[in-house]
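Protein chains: 2
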Amino acid sequence: MKRIGRYTIAFEDEPSIIGYAAAAGKKEAEGPLAGRFDKVFYDAYLGQPTFEAAECVLQQEAVIRAVERAGIKTEDVDFIFAGDLLNQCISSSFSSKEFNIPYLGQYGACSTFAQGIILAAMAVSGGAARTAACATSSHFCTAERQYRLPLEYGGQRTPTSQWTVTGAGCCVLSRGKSAPRVTRATVGRITDLDISDPNNMGAAMAPAAAGSIIDFFEDTGTRPRDYDLILTGDLGVVGSDCLYELLVAEGYDIRSRHNDCGLMIYDREAQDVHAGGSGAGCCAAVFCSTILPDMINGKYHNILFIPTGALMSPVSSAQGKSIPAVAHLVNITQ
Amino acid sequence: MKRIGRYTIAFEDEPSIIGYAAAAGKKEAEGPLAGRFDKVFYDAYLGQPTFEAAECVLQQEAVIRAVERAGIKTEDVDFIFAGDLLNQCISSSFSSKEFNIPYLGQYGACSTFAQGIILAAMAVSGGAARTAACATSSHFCTAERQYRLPLEYGGQRTPTSQWTVTGAGCCVLSRGKSAPRVTRATVGRITDLDISDPNNMGAAMAPAAAGSIIDFFEDTGTRPRDYDLILTGDLGVVGSDCLYELLVAEGYDIRSRHNDCGLMIYDREAQDVHAGGSGAGCCAAVFCSTILPDMINGKYHNILFIPTGALMSPVSSAQGKSIPAVAHLVNITQ
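Going down the list, the sequences are from chains A and B.
Once you know that position 181 of the first sequence is 181 in the numbering used here, the rest is easy, because the numbers rise by one and skip nothing.
Once you know that position 269 of the second sequence is 269 in the numbering used here, the rest is easy, because the numbers rise by one and skip nothing.
The shape of chain A in the complex, shown without the other chains (with noise of 0.2 Å):
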């Protein structure tokens, strides 16, 4: 690995994404990525006795068979990065205690899929790993829950407000094969614009998604035109307005090419979703359901992937603090 200019890093040896696969409910398959999931879950406890252990099975969905497509077996996994929302990320812990691999837990909120992504990458190019996973997963009850109101309660939405996603993503990545490969990442640092309303995120999260789209830009010299796609994590309606407006303030017009998973994952009109989907487990889902198989079949060659995440929590909500929030981008080319 190298580092490019002030905050990007080049991953020479490009390990490549060689398993991959995405696990959903019921409402994210009635969305427009109907038929892309790998396994569709109709109850949301997915069987389980609480809807915490239900998150758990969808994650070990995801894992099982991303590392069943790379080909290999779980005790062949060097390392998983795993995260998700839950407060000490149990759904997590809990899962991945199945499975045997050195654990590593991630906390980036919405963004922390591609926090795995790029130090899954990190640990196979300097070959810590022969292979590394990563993982997240969120799930609409766990999550509405611990963060809002309970379930029962049946709480009005502001129009502002996001649908967490139930569903689950997960990667696999090795070297020297012929796949989507993780060529360049930037980590992003965290940014507050002072926005304290926990029912905006995407307005919180745009800075963010903004800041590690230019340093990106600048530190290798690349334009909007240079990638199929600019694919933020979820910004939703509200935020990917706001992230326009940023970029063209700064020169950067990425309309053209830019799509959010929050606004992918479901159809906002018919599926009132409000702003779209969030999620840890959002941008997992929708990058390894779709956004993959659409790189190896040609659709995309040259993508750029920007989860974002709020880092706040319902303490500090209700303390009067503002919502940091920060975003990773991860460029993957086919």
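Be careful, since some hints might not be right.
One copy or two, either will do: identical chains are not told apart, so a pair holds if it fits within one copy or between any two.
Straight-line Cα separation of at most 30 Å, BS3-like style, residue types lysine-lysine; simulated pairs [as the list claims (entries may be wrong)]: (1) Lys177 to Lys2; (2) Lys177 to Lys39; (3) Lys321 to Lys39; (4) Lys97 to Lys2.
Treat the hints as calculated values from the structure; they're not laboratory data.
All figures in this text were calculated on a predicted structure; none of them were measured in a lab.
Once you have looked at the hints, place chain B on chain A.
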């Protein structure tokens, strides 16, 4: 980097710990490590409006002093791997947002500091970073009220319970300097022997520590006598006894070499901390205040440092789940 055996990494160019610092609270400064901390805060609030904000300041203090001791500036740090015990790791995100350093949030409960060292070493060793920092913190008042009971309630503590350390530590890693070097590491697998008492985390974490120690000995062909010190994270007195028993059964007697950060930081009898200290800041504060200086002063030459983490949450415990645990081993040589 290269892999040795099944689970161990060797850092061939041996990233050095060029800066380190520890901050602690009043109780910690009154214990056996009095006079060792770089900064002591006698007010539990650290002049902040909330305990959560206080913990941020504690972590910031460790980072600022470690970077200063390394003889660099925060803008020279390429990544910070930071973590803590709070929901959504807010101590780390609110601390790190002041630094403008690319941020990768880590969650491994009380094992997080080892995870940060390993990932910082990987980043530096592989060329992804010139310098990388890792930092963790914990605070008695933030942790107790989140994990157990309101502080004002004054609940009775069980004899096996541990006292959450108010403390933080930070290490800064870089290549090619003459300082304590990270030579090898073993990333732990999650272990769960079905212990479900959150007031006996030492016992829950001991099998994870034993597992990583055995993996390391087997992978490297070394024995306890090859090391000056085998330092676990915070098993406390109960967990340390479990560890001895588990290792003796496998033919390894570490007793003459072993110490535990949770036992070093307090005088158990005089300070009424029951089984010892714990918390993500415990091993970080002990390691950065005492162990690293003792290595530099020639007391230790070759040590194993094995922070342990209990990966449950109050929700998983309330749902009757057992406590998954993990321990990561770092071999440090001076």
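Each hint, compared with the structure:
1. Lys177 to Lys2: both (21 Å within a copy, 20 Å between copies)
2. Lys177 to Lys39: within (25 Å within a copy, 50 Å between copies)
3. Lys321 to Lys39: between (39 Å within a copy, 26 Å between copies)
4. Lys97 to Lys2: between (34 Å within a copy, 25 Å between copies)
Hint compliance for this structure: every hint is met.
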